[in-house]
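Once you have looked at the hints, place chain B on chain A.
Chain by chain, the residues run as shown.
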Amino acid sequence: MFPTRANLLRASSRVDINVLVPIKRCIDYAVKVRVNPDGKGVDNTVKHSMNPFDEIAVEEAIRLREKNKDLVDSITAITVGPQKAQDTLRTALAMGADKAIHVQVGDQHNVEPLQVAKTLKHFINRDKFELVLMGKQAIDGDENATGQMLAGLLDCGQATFASSLQIADGKATVTREIDGGLETVQGNLPMIVTTDLRLNEPRYASLPNIMKAKKKPIESVKETELPFDLKNRLETVKVAEPAQRTGGQKVDSVDDVVQKMKEKGLI
Amino acid sequence: MFRLARAATRAPRTARPLSTTPPTRDALLYLEHRDGKLNAGTLSALTAAQKVNGKVVGVIAGSESISSAIDSARRLPLSRLLVAHSEQYDHHPPSTLAPLLKTLMEKDDSLTHLFAAHTAVGKNVLPRAAALLDTSIIADILSLEDGGEVFTRGIYAGNAISTVKSGESRKVVSVRATAFDGADSSSSDQVVVEEVAPVQVKDHAPHVSEEMTLTARPDLGSAARVVSGGRALKSAENFGSIIEPLADSLGAAIGASRAAVDSGYADNSLQVGQTGKIVAPELYMAIGISGAIQHLAGMKDSKLIVAVNKDPEAPIFQIADVGLVGDLFQVVPELTKKLS
Numbered sequence: 001m002f003p004t005r006a007n008l009l010r011a012s013s014r015v016d017i018n019v020l021v022p023i024k025r026c027i028d029y030a031v032k033v034r035v036n037p038d039g040k041g042v043d044n045t046v047k048h049s050m051n052p053f054d055e056i057a058v059e060e061a062i063r064l065r066e067k068n069k070d071l072v073d074s075i076t077a078i079t080v081g082p083q084k085a086q087d088t089l090r091t092a093l094a095m096g097a098d099k100a101i102h103v104q105v106g107d108q109h110n111v112e113p114l115q116v117a118k119t120l121k122h123f124i125n126r127d128k129f130e131l132v133l134m135g136k137q138a139i140d141g142d143e144n145a146t147g148q149m150l151a152g153l154l155d156c157g158q159a160t161f162a163s164s165l166q167i168a169d170g171k172a173t174v175t176r177e178i179d180g181g182l183e184t185v186q187g188n189l190p191m192i193v194t195t196d197l198r199l200n201e202p203r204y205a206s207l208p209n210i211m212k213a214k215k216k217p218i219e220s221v222k223e224t225e226l227p228f229d230l231k232n233r234l235e236t237v238k239v240a241e242p243a244q245r246t247g248g249q250k251v252d253s254v255d256d257v258v259q260k261m262k263e264k265g266l267i
Numbered sequence: 001m002f003r004l005a006r007a008a009t010r011a012p013r014t015a016r017p018l019s020t021t022p023p024t025r026d027a028l029l030y031l032e033h034r035d036g037k038l039n040a041g042t043l044s045a046l047t048a049a050q051k052v053n054g055k056v057v058g059v060i061a062g063s064e065s066i067s068s069a070i071d072s073a074r075r076l077p078l079s080r081l082l083v084a085h086s087e088q089y090d091h092h093p094p095s096t097l098a099p100l101l102k103t104l105m106e107k108d109d110s111l112t113h114l115f116a117a118h119t120a121v122g123k124n125v126l127p128r129a130a131a132l133l134d135t136s137i138i139a140d141i142l143s144l145e146d147g148g149e150v151f152t153r154g155i156y157a158g159n160a161i162s163t164v165k166s167g168e169s170r171k172v173v174s175v176r177a178t179a180f181d182g183a184d185s186s187s188s189d190q191v192v193v194e195e196v197a198p199v200q201v202k203d204h205a206p207h208v209s210e211e212m213t214l215t216a217r218p219d220l221g222s223a224a225r226v227v228s229g230g231r232a233l234k235s236a237e238n239f240g241s242i243i244e245p246l247a248d249s250l251g252a253a254i255g256a257s258r259a260a261v262d263s264g265y266a267d268n269s270l271q272v273g274q275t276g277k278i279v280a281p282e283l284y285m286a287i288g289i290s291g292a293i294q295h296l297a298g299m300k301d302s303k304l305i306v307a308v309n310k311d312p313e314a315p316i317f318q319i320a321d322v323g324l325v326g327d328l329f330q331v332v333p334e335l336t337k338k339l340s
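Protein chains in written order, with the UniProt record's numbering: chain A, 1 to 267; chain B, 1 to 340.
Calculated directly from the structure, the hints in this document are not laboratory data. Any given hint could turn out to be false.
To be verified - Now the stretches of chain B that chain A is said to cover, found in silico as 3 or more residues with beta-carbon under 8 angstroms: (1) 119-130; (2) 138-145; (3) 152-161; (4) 180-187; (5) 334-340.
As the list claims (entries may be wrong) - When the alpha-carbon atoms are kept at most 30 angstroms apart in a straight line, the in silico DSBU-like pairs for lysine-lysine are as follows: (6) B:Lys55 to A:Lys238; (7) B:Lys165 to A:Lys238; (8) B:Lys165 to A:Lys40; (9) A:Lys238 to B:Lys51; (10) B:Lys234 to A:Lys250; (11) B:Lys337 to A:Lys260; (12) B:Lys165 to A:Lys121; (13) B:Lys202 to A:Lys171; (14) B:Lys310 to A:Lys32; (15) B:Lys338 to A:Lys264; (16) B:Lys338 to A:Lys262; (17) A:Lys222 to B:Lys165; (18) A:Lys32 to B:Lys165; (19) B:Lys303 to A:Lys32; (20) B:Lys51 to B:Lys37; (21) B:Lys303 to A:Lys238; (22) A:Lys260 to B:Lys338; (23) A:Lys264 to B:Lys337; (24) A:Lys260 to B:Lys303; (25) A:Lys231 to B:Lys165; (26) B:Lys310 to A:Lys262; (27) B:Lys337 to A:Lys262; (28) B:Lys107 to A:Lys121; (29) B:Lys337 to A:Lys250; (30) A:Lys250 to B:Lys303; (31) B:Lys234 to A:Lys260; (32) A:Lys84 to B:Lys165; (33) A:Lys250 to B:Lys310; (34) A:Lys40 to B:Lys51; (35) A:Lys264 to B:Lys303; (36) A:Lys121 to B:Lys202.
Glycine residues also receive a C-beta, built at the ideal position from the N, C-alpha and C atoms.
Next comes chain A alone, as it looks inside the complex (with noise of 0.2 angstroms):
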């Protein structure tokens, strides 16, 4: 007689939580952008890869799973991105997440936090999601937005800039890095967390498990079949260089530091 999973759950107050990770594809942290010579944007055909706070909230979602198995009943990867952004899903999947959403727009279309919030809330609301783990902010746009507006579109919490994570009897407990020190807030499911640096140290996908996530389920949905748009609401009127500094230079001897912070009056 083994229990069934209704009895389980009645025997233990444990709510099984559904996981949802919204991940980008961004230009690799590791590559310097070049800005396009028409000012409209940046040179795009350079390597990308996962958001390094998106890697985060994946392993934390892995991790909540692996720390306790009753606790996590799915994990659901989505992105909001072009035709390639599905390599970007297949590296959740290849980490350890079950299944995956990509919602699929114009290769141009960088989609500002607003619109990829209220699509968001729109998978949410068809597939109820009890935690969303997301980085707090992507490494193109430096918004650090999106998580903050899901909750808002939800009226449900929301724990930024996390640094640690507990889940028990349905609520949710985070530590926060604010200016200063660190917060401790704590809040019923449905909760929406933004990955810091500190959460975790997000692992690499083995050879097995690259191969097992190319059988894994991606639901591509197209942009035209969301129950609105996702056109950007502000303009974009010209992508610059920054100024340059006119550095470079260097001295011989820290007499020679001394003497320059002197001739700038800092001493």
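Chain B alone, transformed into the frame defined by chain A:
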């Protein structure tokens, strides 16, 4: 006489088409505070907000303990100061603050812009408020033009500057503190305080506790001088014995690279870079920091950058105004001695 003069200056204005000049376009500024003091970044955000129309309405929220922050806020160049007294606003919780900001914005048609500093608090609260107002966020701006229609901001860790135009009726903007001078906070004309009713909503993720890093040194985000250490210091002990005396001799705040923080040499609140603090002091000293893109994004707008590194090829030397190739364990104590 006075009336005539006013009429004369007004005349050209009426010639402009009415549609392009809305009657008023004021900014609402969220005033961040801690321990009864206003956040320095908020004063920079005020300068940015003034560029919309000149008139800025401040809003401050919290329990009775915010009275000294209110006293400081009354000396700012604000047209009005709104105060929402409630414990539900202590520790700047986004669940309760975002609905308050939304309500205040929607109640007053003259408010077209919502501003806050791009601090941990501003980043946490403002996007949520923007979503409630169904408007995009213009995050971490470096400048604004055309009365708050056009903005510049860094993308790709500051390796490109994007100019964006917003056609939204309400604009939500967070401001990079180091890109604007702080507003004058010493006015003798005190702004009149208007109490506003708190918006009663559930705090979905209430504050439990906090652990602040205590320091007698200047605040990293607003210090005029910063001494930062990197991985080359090799240990937390070295970080303390090499970086701290140099910082003290200059009256500087202490910063660190991500490598130094991740290795446990320094607290993570000291991290300078894209993922930590963005600083732009008069003097930035990079000690044993190679100068990864992510670090440069956090300090390259400093006025004078001094770098000490034993690797002559380290990228930090490409942007340093004064570079010294040498062993930091010899050079820095010598420098400290000569500065004291």
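| said: If you count the residues of the stretch 334-340 of chain B with a beta-carbon closer than 8 angstroms to a beta-carbon of chain A, do you get 3 or more? | reply: It holds, with 4 qualifying residues against the three required.
| field | Pair hint outcome, A:Lys40 versus B:Lys51 [Cα-Cα no greater than 30 angstroms] | value | Holds, at roughly 26 angstroms.
| Distance restraint between A:Lys250 and B:Lys303, which requires alpha-carbon spacing of 30 angstroms or less | With Cα atoms ~17 angstroms apart, A:Lys250 and B:Lys303 stay inside 30 angstroms; holds.
| query | Given the hinted pair A:Lys264 and B:Lys337, is their alpha-carbon gap at most 30 angstroms? | reply | Holds - the C-alpha atoms of B:Lys337 and A:Lys264 are around 19 angstroms apart, at most 30 angstroms.
| said: Check whether the Cα positions of B:Lys337 and A:Lys262 lie no farther apart than 30 angstroms. | reply: 15 angstroms, holds
| message | Hinted pair, alpha-carbon criterion (30 angstroms max): A:Lys250, B:Lys310. Please report holds or violated. | response | 12 angstroms, holds
| query | Do the alpha carbons of B:Lys165 and A:Lys40 lie within 30 angstroms of each other, as the hint requires? | reply | Given that 30 angstroms is the threshold and the Cα spacing comes to 14 angstroms, the pair holds.
| query | Taken at face value, is the distance from the CA of A:Lys260 to the CA of B:Lys337 at most 30 angstroms? | reply | 16 angstroms, holds
| Does the alpha-carbon distance linking B:Lys337 and A:Lys250 stay inside the 30 angstroms limit? | With Cα atoms ~21 angstroms apart, B:Lys337 and A:Lys250 stay inside 30 angstroms; holds.
| said: Holds or violated: B:Lys107 and A:Lys121, Cα atoms, limit 30 angstroms. | reply: 27 angstroms, holds
| field | Proposed proximity, B:Lys165 with A:Lys84 (alpha carbon, max 30 angstroms) | value | Satisfied, since the Cα-Cα distance of roughly 29 angstroms is no more than 30 angstroms.
| Pairwise hint evaluation, B:Lys303 against A:Lys264, where the allowed Cα distance is 30 angstroms at most | Answer holds: A:Lys264 to B:Lys303 is near 10 angstroms, not above 30 angstroms.
Checked against the numbered hints above, the structure violates only hint 4.
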